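Sequences listed follow chains A and B, in order.
Be aware that the first sequence starts at 1, since it is given in the UniProt record's numbering, and climbs by one per residue.
Be aware that the second sequence starts at 1, since it is given in the UniProt record's numbering, and climbs by one per residue.
Just so you know, the hints here were simulated from the structure itself, not pulled from any lab data.
No experiment lies behind these values; they were computed from the predicted model shown.
A virtual CB, placed ideally from N, CA and C, is assigned to each residue, including glycine.
Take these hints with a grain of salt, some might be off.
To be verified - Some, not all, of what chain B presents toward chain A, calculated at C-beta under 8 Å: (1) E19; (2) P33; (3) D103; (4) I107; (5) R163; (6) R176; (7) L277; (8) T288.
Unchecked claim - With a straight-line Cα cutoff of 25 Å, these simulated SDA-like cross-link-like pairs (lysine to any residue) come out: (9) A/K132 - B/L269; (10) A/K85 - A/D219; (11) A/K137 - B/S188.
The lines below spell out each chain.
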Amino acid sequence: MESIGVLMMCPMNNYLEQELDKRFNLFRYWTQPRQSEFLIQHAESIRAVVGNASAGASAELIDALPKLEIVSSYSVGLDKIDLIKCKEKGIRVTNTPDVLTDDVADLAIGLMLAVLRRISECDRYVRSGAWKHGDFKLTTKFSGKRVGIIGLGRIGLAIAKRAEAFDCSISYHSRSEKPNINYKYYGSIIELASNCDILVVACALTPETTHIVNREVIDALGAKGVLINIGRGPHVDEPELVSALVEGRLGGAGLDVFEKEPEVPEQLFGLDNVVLLPHVGSGTIETRKDMADLVLGNLEAHFANKPLLTPVV
Amino acid sequence: MENVGVMMTCPMSAYLEQELENRFKLLKLWEFPSTTHFLTQHSDSVMAVVGNTKLGADSELIELLPRLEIVASYSVGLDKIDLNKCRERGIRVTNTPDVLTDDVADIAVGLILAALRKICACDGFVRTGLWRNGDSFELATKFSGKSIGIVGLGRIGSAIAKRAKAFGCTISYHSRTKKQDTNYTYYSNIIDLASNCDILVVACALTEETRHIVNRKVIDALGPKGILINIGRGPHVDELELVSALCEGRLAGAGLDVFENEPEVPKSLLGLQNVVLLPHVGSDTIETSKAMADLVVANLEAHFLKRPLLTPVV
């Protein structure tokens, strides 16, 4: 398979890069000074694209690669891939579900605890020497709080399972009610936000869910509410979120994703009721290797004419 | 009960102070230039002492309070109270179990997640603009599925185990005796526990026997990939050994809510990225501190109304 051209969209993982290099003819998109020329030059040899949460396969890219057969994403999110175009052209698409579910759910809980119990701020308090001059203030209990989950897919369910061990009551909103689930369903996201203490975004990003957390939802969540986003930045109307936090209309936020990563609104840096992470939801040694193996496994299956491991299209 | 003298050892809760003032004759030790000054004026009036994790009732103090009937601690830990002396003198002792169990267990899990997933370091990475500059953060370590070893499977230890199980963790524990009502793996030797877990959590009471229960040998057994979490008391851990293990890479990381000499924290820890340091906040939430205060007040009222104590220890 060494003559098969695979286009990697951006640096994402050294191990993945090395393995792709070994098995295929790897092109590194981000090292090309003139990308359009590069595409014209190599269009005939590129049969696969490997993307991630930052860069995938847009309609434009797909059109520029007439020999493209498969897009294998190093992510579970598919928002950077034009799925409709892929379907039209018979291009296969794979992602990395399941292997990262635990890590993302763990981080969601980690964010909840860090925000409510001010763990990050406490750590800074100790390191700055402030503890010598006085005790830290009281924070808010996590156990027993009401957790509202937007999107009860693999990750949403994993978050629910963990939160239940803290005696949290779970409710959720999704396009339709899930059968065989004991959690309370809200057909309206405003109702969900009004009836929970911690609102977690855990759904896929689509045109319908862009800005699903808007001013109205933030108002419904309220001054004691906490927003946790481990989905995608565009799920949340970021300027509205920032002004709500700055003005005290929202109690706090734990954010792993932002609308324009790696840009983060600077007004958030001065707030003690937010925890800001650089999109590390699946960022563990164990999981990133599992994700890489899944990308490789899917590509090899495709080019060996075997069934794909985790196909989306 | 307005004539009942209650001595509070140090500031711990404005709400508790208020509630005590409403019911008793509250004497605040810290408002006096020294304990001696206080005792000269009030030693005969003190019938109850309200202490906490910082300052309780040691043998010396108990000796100097001839009318002391009850020590009500604003904590679950009893290491700052001379229990033997209290038993000898027939002095009752109460603490605040159960109401703070969830909070402390939550902080233990919060520390584990913060340490393994480098949450505090990541937050700093974003706030200082490094992410925007194009740096990427190093990979962290997965929590789900790891093995947790708990030292002391009491209320708090069990609550930690319950939470960790939801993350698919395997649980093992060490305590003085094996617990009958649990399926977790028991190790009668703490070295064996440390050798067989990824994350070691200190959750037992501090006594003469458990002082420095986490020593060099235990740290070595936990090893260079191991994480230590301490939500017990600072003296549970040989702090000097812990610090050198962390600085030398013989231990992968630690999450600490307590230290041997609070609020002093070893300077070498302050520069490490693989530790999470908290200022003893295990039970410091609005909800729990109120519940603890209510329990202290209720125990004192029960005592002076000759009713059964709610949460007696002695």
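Hints, verified against the model:
Interface restraint check for B/E19: the shortest CB-CB distance to chain A comes to about 16 Å, outside 8 Å, so the restraint is violated. Interface restraint check: B/P33 against chain A, minimum CB-CB distance 21 Å, threshold 8 Å, status violated. At a threshold of 8 Å, the smallest CB-CB gap from B/D103 to chain A is about 6 Å, leaving the interface hint in force. The beta carbon of B/I107 comes within 6 Å of a beta carbon in chain A, closer than 8 Å, and the hint placing it at the interface holds.
Interface hint at B/R163: satisfied, since its Cβ lies 5 Å from the closest Cβ of chain A, which is below the 8 Å cut-off. Checking B/R176 against chain A: minimum C-beta separation of about 27 Å lies over 8 Å; hint violated. Contact between B/L277 and chain A, as hinted, is supported at the beta carbon level, the nearest pair being about 4 Å apart and thus within 8 Å. The closest approach between the C-beta of B/T288 and any C-beta of chain A is roughly 6 Å, which is under the 8 Å cut-off, so the hint is satisfied.
In summary, the hint linking A/K132 to B/L269 is supported, as the alpha carbons are separated by about 15 Å, within the 25 Å threshold. A hinted pair counts as satisfied when its Cα atoms are at most 25 Å apart, and A/K85 with A/D219 does not qualify at roughly 37 Å. Proximity of A/K137 to B/S188 is assessed by CA-CA distance (about 39 Å); at most 25 Å being required, the pair is judged violated.
Checked against the numbered hints above, the structure breaks hints 1, 2, 6, 10, 11 and satisfies the rest.
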